Every structure is written in C-alpha cells, then in structure tokens.
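K.L.:
Kindly produce the complete structure, drawing on both the sequences and the hints.
Residue numbers (this note's numbering), protein chains in the order written: chain S, 1 to 512; chain R, 513 to 627; chain U, 628 to 734.
Hints in this document: simulated from the structure, not taken from any laboratory.
These numbers were taken from a predicted model, which means no experiment stands behind them.
Treat the hints with care, since some could be wrong.
Stated by the list, open to error - Going by beta-carbon spacing under 10 Å, a handful of chain R positions derived as facing chain U:
#  : residue
1  : GLY545
2  : PRO576
3  : ARG579
4  : VAL581
5  : VAL594
6  : ARG612
7  : ARG614
8  : ALA619
9  : GLU624
10 : ARG626
For every residue, glycine included, the Cβ atom is placed at its ideal position computed from N, Cα and C.
If you want the building blocks of each chain, they are given just below.
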Amino acid sequence: MNLAPHASILAIAVPLLGGFALPLWAKLHRRLGELWLFLVGAFTAAMVVLLAVQVFTGGIQVYTLGASSPGETLAPGGFPIRIMLVVDGMGAFTALISVLVALVSFLYAWRFLTEDHGKTLALTLGLLLWAGMLGMVLTGDLFNFFVFFEVTSIAACGLIGYRTWEARGVEAAFKTMVMYTVGGLLVLLAIAVLYGEHGALNLAYLSSRIQGSLPDRIALGLLLGGLLMKVGAVPAHMWAPDAYGEAPAQAVILLVANTQASLYGLLRILFTLFGGITDPVVGWLVTGLGTVTLVVAALMAVIQTDLGRLVAYGAVSQIGYMLLGVGVGFTVIRARPEYGLVAMQGGIFHMLNDAAAIGLLFLCVGAVERAAGARDLRGLGGLSHDLKWTAGFFLLGALALAGIPPLNGFASKFMIYESSFRLSPILTALATLASILLLAVFIRAFQGAFLGPRGKPSEPEPFGMVLAMGVLALAVLALGLAPDFFVRHLVAPAAEALWQGRDLYLAAVLGG
Amino acid sequence: MTGNLPFVVCMVFVALGLWTLLAKRNLIKLVIGLTLIENGVNLFLVALGYVQGGAVPIYTYAPPGVRMVLPTPQALTLTSIVIGLATTALALAFVVVIWRHRGTLDARKVRELRG
Amino acid sequence: MRLVTGEGYWSPLAWLAAAAGVLLLAGLLWSRGRRDWKRGTEEELPFLSGEAAPEGARVGGQHLYWGFVEGLRPYVERLRAFHSGFVADYVAWFVVVLAMALLVAMV
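P.N.:
Dropping the structure here:
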C-alpha cells in the first residue's frame, strides 16, 4: 500500500492511537512497550519527513478527509465543507521541529524515568502531546485547530503535574491549566464569532471572506490574546516559568515545542487568516510584547537560585526573540521587503535554534537533578567531576543560547538584530542587552552547578541520556556551522510561505 | 435588539466566569469559573446555529419543506463539552492533590512557585 | 557559505579562521611568559586580597558577577513582585494582554 498520499493524516493518527495503545503493550511486557514506542515514533517521524519532502519539493499538500479522493477539497456546491489538512512550508518546518524534539524526549525518557515513577504513563502523555502539536500544525480548519489546542493543553498539564507525590509540580499544573483553559475558550469564542459571521470553519475559505468587519476584528483580537498567552508573551507568561521549572526534563522540551506550535498558530492567523486586512499596528503589538518579553524574562533569570526555574526564564526570553523577529518582519515587510524577510527568517530560524539549545539545557537540568537530587544553585557544586558529558553539553547550550559565535543562537539573533535595527535601534539595544544578561546568568549557573571541588559523589548519567543530549548538541553545532544551508532549504521556504504564500494557500484549497 | 439578547446572555456568562477567576480564592470556585466561561461559549455556539422555527437537524425526522437549525454548531458544542469535561476533571484532580499536600484550598496560600 | 543578514553577512567558517588566528597569537604571547613558577607551592593558591583563604571557602555561582547582580537587584525586585504566584494575578495579566490585543485589532 502506498502511504505517501496519506502522510499528513497518518502523522496525526498514528501517535494519537499509538499513545493510547502504549500502556496496553507495556502491561503485557515492559520491553513490548518500549518496542511499540520506538515503532510509533519512527513511523510518525518518517511520515512527517516524507510530508516535508513533498511540501518543499512539490508545494502545498492538501488532504481532505471523507472525500472520495484526498485532493477533492470542494463539496458539490463549490463549498469546502469537509475537514481538511493543509500543509505549507511553515507547517512542515514546525512539524519537523516537533519531530526532532519528540524523538529526543523519548530517547531521554528511556533511561531518565523509572517504571515506579510513572514512566509508561508519562510516555503516553508525551505521545498525545506530540499528536496534538502535529495536529495544530497540519490542520486546515479552525475548529480542529481548537481541538488540538486543547489536546496539547490537557496532555501538557498532565505531563507537568503527573508527579503527584510532589506538591510543586501539581501546583504548576493547576496554574497552567487555568491559563490554558481560559485562553483556549477565548480562541473558541473567536472561532464561534467567525462562524457566525461567515458560516464556515475552513481557514482558507474564511480568509477569502474576511473583509475586516467589526466581528472579524473582535475575533482577531481574541485569537491574538489567546495565542499570545499560550506562546508565553510577557505579561501573560507567568505560567511558563512554573511549568518549565517543575515539569520533568523529558516533558519540558515537549512543552517548548508546544509553545512553538502555538507560535505557528499565531503566525498562521496573522499572515494567512487575516492576511488580507491586518495592518502594521498588529506587528507593533507583537514586536513590543516580544521586546518586553526578552528583557523582563532575562532580568528575572538573573536573581533565580533554582537551576530549573533559571533555565525556564531563559526559555521565556527566547520566545521574546522569536516574537521580535516575526513582529519586525510583519511590520516592515510590505514597505521594505528585503529587511522584513530577513527579520522573518531570523525569527523562524530562531524557533529551530531555540528548540535545540534550550532543549539541551533542560535535559542537562534533568541530569543534574537526577544525579544530585537537588537543583538549588546555593547547594550544588562540583558536578563536572562526575557528569562530564552533562557539563560540556550545558556549557555548549548556554553559549549557543546567549548568542556566542559560531554556535547556532548567534546566526538567528544576528539576523534579528540587523533587521530590527532598521525598524528602531532601541529594539536592537534591548535585545543585545538581554543576550548579555543571559550570558552572565548561564555562566553563573554553570559555575555554581558544575565547577568547584567535588561534592558528594554521584553516579554518571546513563548512556541513553547522553545520547539524547548528544543529538541536540550535534544539532546546535550543525546549525551553527552551516546556518546558510538550513536557512536556504528550510527557513526561507517557511518564511516565503507565510508572507507570499497566502494566495497559494487559498488556491490550493478553493481552486483557481 | 431582542434578536441579540441570547448573545448578550452568553457574554454575561463569560464575564461572570472571568470575574470568578479574578475575585475568588477557593480553588474549586476557580474551576467553577472556568466552567462558567465554557458554558457561555457553548451557549453562544448553539445560539448561533438557531434558525427561527427550525426543526431538529436529523434528516429523516424533519417534515418536508421545514428549515432545520444548523447542525454544525451543535457538533462543535458537543466536542467542546467533551473537552470541557476533560479539563474540568483534570483541574479538579489537581485541586485534590494540592489539598492533600498543602491542606488548603486558598489560592493565596498555594503559591510556593513565585518570583 | 554565507548567510545574508540584511546589512552584511555571517560566515561561521570565516569566523573560525579568524578565531584560529587569534588563538595562535594568544598562544604565542603565552609561550613567551615566565617558566620559573613552582608547582605545589603557595604560588598556586588563589589571591584573595593578600589574606589567607578561610578553610573550606569556595567561589560558588552566586559570587560571580556579584556587583552586576546587586546593581540590577532593585529593578528586578520590582519585577519579582509581579510574579506573585497567585492564580488571579495570572488571569488578570492575561486579561490585560487580551485588552491590548482587542484594542490593536479594533483600530
């Protein structure tokens, strides 16, 4: 059977069903569960890569569910009534990020978690979260976007709070749950408003009908608010340090990928759904919130004494860089395409770089917690004697995140700096300041946790965890040493799909 | 104006839910606030699909020549109710665990994570 | 092998070549330093303002960039007050973001 035309639906269905089947296999035998997880992960990854190759070589891929053939987008009346998946360059790019992060997360969890601490159930939730992310990224209609938004919310909160024997994780999970639910319901309200106005849920059809009436604008505001919260923009970011700081390491990197899937949703709504009516003021909002985010989060990271919470604020700060890049791009791309495009590419490239670098740091935090049993920097020290790999990886990730050349964070931040300078030098100055703060913060954390005389001896990290961290470290190095390759083949098509691909997107669904 | 009254009522629900979240301290009341918002949005969806004098949107039961209310919002509402059930159940489960650990349901006291 | 970044370009390989040159220069300077220091004597001990280091003292993470952090602390403490950990405050800030988004979308 030829699976290639069905790659997009299989990429969502297989991890969803595989996730629910995982505890059953693990019940039979522990090894069977691991084998099942491997098969599901490998198959889904293969499907997403296949889909991405199709998108990058052949253009937008449309898959209609319930039609006699996947390409039959319009019902007999010329109206797109069926549920469909629409994947363009940006969708494929974000899906690839989630694949990288999810595979690394499962590899890490293999040795990081133990069965009496809920390993199988955590992996099940991880698969569901992955399926939700892929669904958010691949779907072509708004209601399914909401459904997958809620799937990721529930799975993410489950992952934050499943360690019920500790109070902190559950507290973080409850707070995150409240925020996610309110945000999700306002997104649903916006979708209902759009449905009432235009009588459709299909993203492309709605985009062709939106003229900028009052209900349209209310819907835009509600969608922006809900998604900015889920992305973690200051000041609606407060759930993020709690969640990132308290979730177990293999879950945090999935949460980071989930943030980026939400950022994809924000971009899709700005550029495709409301691409016809939005004006640069919205770009200023995103730029402003991005700048505030990166400065505030970097400042908050300075005074943290808990290693996990410190890195969590670093992660929030990186979201600010992405928002700054795409916000500047959105603001100036019509007037000055040459700078706007570079800013967009910088913001989108930073999604990939951030997934690799901050993921590496979070995994190192997990290794530190596992070895030392504590994360308070005032008590840690000398861990590099036992955790040699972790120490090296932490330093690499920290330098990459602070934007030290020639690592990957520098390439994307450089693109953001140079293009945002064109909009306003103040933005560049603040962004550079935040980078300097982050460098100081991470050097302090490295010194506090890893350097110094050997404390109480701890067992070294197992091979599976080193391997998972090694994959991300390799990604950091490769992205840093050959940024032009990745920008040309992955990031440029994604940015192109956003700012000039709206007509193609509409044509792929509505025809002509 | 009366035509818009159902929508106004739905928005009152949403506003009440937000007010509950902002003003109440009890964790269970916060969850009730979430369900209030959810009910407001669900009612909004159903109200959107109503057609004056429309029949139940089941094709075989509708008498010929009668307009049916829109079926799509009802399908959406059903999905949304199921999702709401899951979120409410999960949030309440977290509340139970928090109560076991901390012995309080006051949101002002459940804030070890801050700063 | 160059990444266009608006004004100019970024080429990691050229940077690596330049870094290798700088490292070479640094090595050259270092190799011309004094070789007569004695291993295992008090010359190896850290210099703490000329005083003897107290027993068990160690420079931890919190001691690095001490002035930098203390200088920022008054500003950061103000920010820290916003992160109260109270769920209603989280929702209130979210409502603020929502209001800003609606305002921007309306105009």
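K.L.:
Hints first: check each against the structure and report whether it holds.
P.N.:
Hint-by-hint comparison with the structure:
| no. | hint | verdict |
| --- | --- | --- |
| 1 | GLY545 | holds, 9 Å |
| 2 | PRO576 | violated, 44 Å |
| 3 | ARG579 | violated, 34 Å |
| 4 | VAL581 | violated, 30 Å |
| 5 | VAL594 | violated, 24 Å |
| 6 | ARG612 | violated, 18 Å |
| 7 | ARG614 | violated, 13 Å |
| 8 | ALA619 | holds, 5 Å |
| 9 | GLU624 | holds, 7 Å |
| 10 | ARG626 | holds, 3 Å |
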